[in-house]
Amino acid sequence: MAKDHFKCLRCSNTYELEADPDGKLKERICPKCKSNSVRKLKAQ
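One point on numbering: in the working numbering, the residue at position 3 of the sequence shown is 211, and numbering is uninterrupted.
These are calculated hints, taken from the structure and not from any lab test.
Hints may be right or wrong, so weigh each one.
As the list claims (entries may be wrong) - Computed list of lysine to any residue pairs in SDA-like fashion (alpha-carbon distance at most 20 Å, straight line):
1) 250 with 220
2) 232 with 218
3) 242 with 209
4) 250 with 227
5) 240 with 225
6) 248 with 231
Since this is a predicted model, take the numbers as computed values, not measurements.
Just need the whole structure built from these sequences, with the hints factored in.
Have a look at this one:
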């Protein structure tokens, strides 16, 4: 399954999660600081 990359805007932690197959908007939480200020990084 594909992975999406995310970055926390509070602590700058970058991590990856499995991509949502249906592409629905979903609230994500940083695993390091528990902030919900998380943005998806663009594919390179």
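With the threshold set at 20 Å, check whether the alpha-carbon distance from residue 250 to residue 220 stays at or below it. Within the cut-off at roughly 15 Å; holds.
Under the criterion that the straight-line Cα-Cα distance not exceed 20 Å, is the pair residue 248, residue 231 satisfied? Holds, because 13 Å separates the two Cα atoms, which is no more than 20 Å.
Given the hint that residue 232 pairs with residue 218, test it: the Cα-Cα distance must not exceed 20 Å. Distance ~24 Å between residue 232 and residue 218 Cα, so the pair is violated.
Run the distance test for residue 242 versus residue 209: straight-line Cα separation, threshold 20 Å. Judged against 20 Å, a Cα distance of about 25 Å means the pair is violated.
For the pair supplied as a hint, residue 240 and residue 225, is the alpha-carbon distance within the 20 Å limit? holds (14 Å)
Taking 20 Å as the top limit, are the C-alpha atoms of residue 250 and residue 227 close enough? Distance ~13 Å between residue 250 and residue 227 Cα, so the pair holds.
Hint compliance for this structure: hints 2, 3 are not met, and every other hint is.
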